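In order, the protein sequences belong to chains P and R. Numbering-wise (this note's numbering), the first sequence opens with residue 1443 and increments by one. Numbering-wise (this note's numbering), the second sequence opens with residue 5 and increments by one.
Among the hints, erroneous ones may be present.
[To be verified] Only pairs whose alpha carbons sit at most 20 angstroms apart, straight line, appear in this in silico SDA-like list of lysine to any residue:
id	chain 1	residue 1	chain 2	residue 2
1	P	K1631	R	H165
2	P	K1631	P	G1532
3	P	K1631	R	I147
4	R	K108	P	Y1614
5	R	K108	P	V1610
6	P	K1631	R	S115
These aren't lab readings, by the way, just hints derived from the structure by calculation. Just so you know, these numbers come straight off a predicted model, no measurement behind them.
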Amino acid sequence: MSISQRPGLTVTALDRLLGFAMAATVIAVGLGFCWILGAIVAQGLGQISLAFLLAEPSNAGREGGIAPMLVSTLLILGVCLAIALPLGLGTALLLAEFTITDQRLGRLVRRSLDFLAGVPSIVFGLFGNAFFSQVLGLGFSILSGGLTLACMVLPLLIRTTEEGLRAVPPSYRQGAAALGLSQTTTLFKIILPAAVPGLIAGLVLGMGRALAETAALIFTSGYVDRFPRSLMDSGRALSIHIFDLSMNIPGGDARAAASALVLLTLLLLLNLLAGALAQRWANSS
Amino acid sequence: MTTMMSAATTCTQPLLEAKHLQLSYGQQVAFHDVSLPIASGEIMAIVGPSGCGKSSFLSCLNRMSDLVPHCHVQGEIHFNGTNILSPRTDTLLLRRRIGMIFQKPNPFPLSVWENLALPLREHGLVKSQTSRRAFRQAIHQAIEAVLRDVGLWEEVKNRLHSSALALSGGQQQRLCIARALILQPEVLLLDEPCSALDPLASAVVEELMLRLRPRYTQVVITHNLAQAKRIADRIAVFWVQQHKGQLIEVGSTQQIFNAPTHELTAAYVSGGKG
Ligand SMILES: Nc1ncnc2c1ncn2[C@@H]1O[C@H](COP(=O)(O)OP(=O)(O)OP(=O)(O)O)[C@@H](O)[C@H]1O
Ligand SMILES: [Mg+2]
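If we strip away everything but chain P, and leave its shape as in the complex, we get (with noise of 0.2 angstroms):
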């Protein structure tokens, strides 16, 4: 009978309290994700056509399409992922299989990753404008800007990498080594299937990060809206592309949501095309 007396009563007022709240925080981040997401479909669905994919810009955008943008984008990602991948990999293995033995090493180079995780955008950009454009002597190309998009996502890349290498059950190295099976064996044919979902999860946020960027692009890869010849060449990012419709042009408005739209497809498209693509890997080794 004291089972129900006045703490238990308490306790449950609180436990409703915190539910309720904790109900009210999902419901209101549902929302604005929903309203941010209806605003955009609103004004930029009816823009929205094979011509406006497929076209490009004139009239400073206001009317034609975005198709030397999208290339001038998916280019930009390639340069970066190239290089990034390989590279975040790389260290992230270091980190994780590696440093066991060298404990400081390893806190000092997670430290100043982090630390470089959280610079701004805009002070990669200005460091790829002075390096990449001007000290290599790449001005502003698709290339310059990949570089820069690369330094930006790679501590990013490289501590979500290692987290997902750390994740895999220590149990699985022993059982391997137990078996006399050789470090590339283990590292190829166990851990790094292990480690997949991690992987994934830092080729998407890489991803996303690289394709919303704007501050970073506007002083290496430039704005240049027709289609780039090669590497070397200026192109125009879908980032800056809504961007500057939305700021600089008057009446522009309904087709950066257009612009913004397509970009969020896009995000979701290769999110799925990269988890595909990791799936099969994992299941095929």
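Following the hints, position chain R with the ligands against chain P.
Frame of chain P, contents of chain R with the ligands only:
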């Protein structure tokens, strides 16, 4: 029966023999001055209180101790006449010939088939055949043979290609034993192989160990004295003295339980009887 067996085996040259073995983690000595011969085909049980260095001792026998940072081993371990602690030892080959089973079953997150095929291919134990199909067939035969050996074939023959993690704990442990056996080892090291299993699954593994004798030499750590009594030919008792592990007594199972010479052994086995 057990005494006869051990009497027969002790007069021949031991297959595996530790001589004045000492292991330390940094400054801390885990065990010291352990000399223990292990005869071919016997089941040697290692018992003793927690922290007396049983697992550490076992990990020297296949050089898994190499993987622990700051771990240092002194002394000699002779296996087929050579000292395996020598730096020239091929540890990958050594671990193929001396398999290890852990307390918690640790199948890889792969299919049952891949769990067995991976070590098999790695060590090139299946002769390369004229065609890919014949090669696969040969692997299949090896897998089926070893799964039958551990009594798992009937249970998993229809799910060879689904994940090994979906098996029960007892099945996973037998798969891990099969995975070690497929490499045709001479010795099996088992570190508390039954302690994560329920009594029924534990009995199945116990029975399997008895069936594998005397084809394989087995060194098994157990906290279950009744189990040691049921399966072991000889028993080695470890104890902590002055913060260091030590081998205090080794003898046939019957002698250890009925006529222990060391008073600590006597107290330990009589406590374990209840
Ligand atoms: N990796 C390690 N680093 C440092 N010390 C360790 C390590 N592994 C074990 N030790 C220490 O060495 C001693 C022996 O440990 P060990 O695991 O060999 O004991 P055990 O007899 O297997 O115990 P249990 O019955 O609990 O498994 C213990 O004091 C333990 O704290
Ligand atoms: Mg132990």
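Cross-check of the supplied hints:
no.	hint	verdict
1	P:K1631 to R:H165	holds (16 angstroms)
2	P:K1631 to P:G1532	holds (16 angstroms)
3	P:K1631 to R:I147	holds (19 angstroms)
4	R:K108 to P:Y1614	holds (11 angstroms)
5	R:K108 to P:V1610	holds (16 angstroms)
6	P:K1631 to R:S115	holds (12 angstroms)
Violated hints: none; the structure is consistent with every hint.
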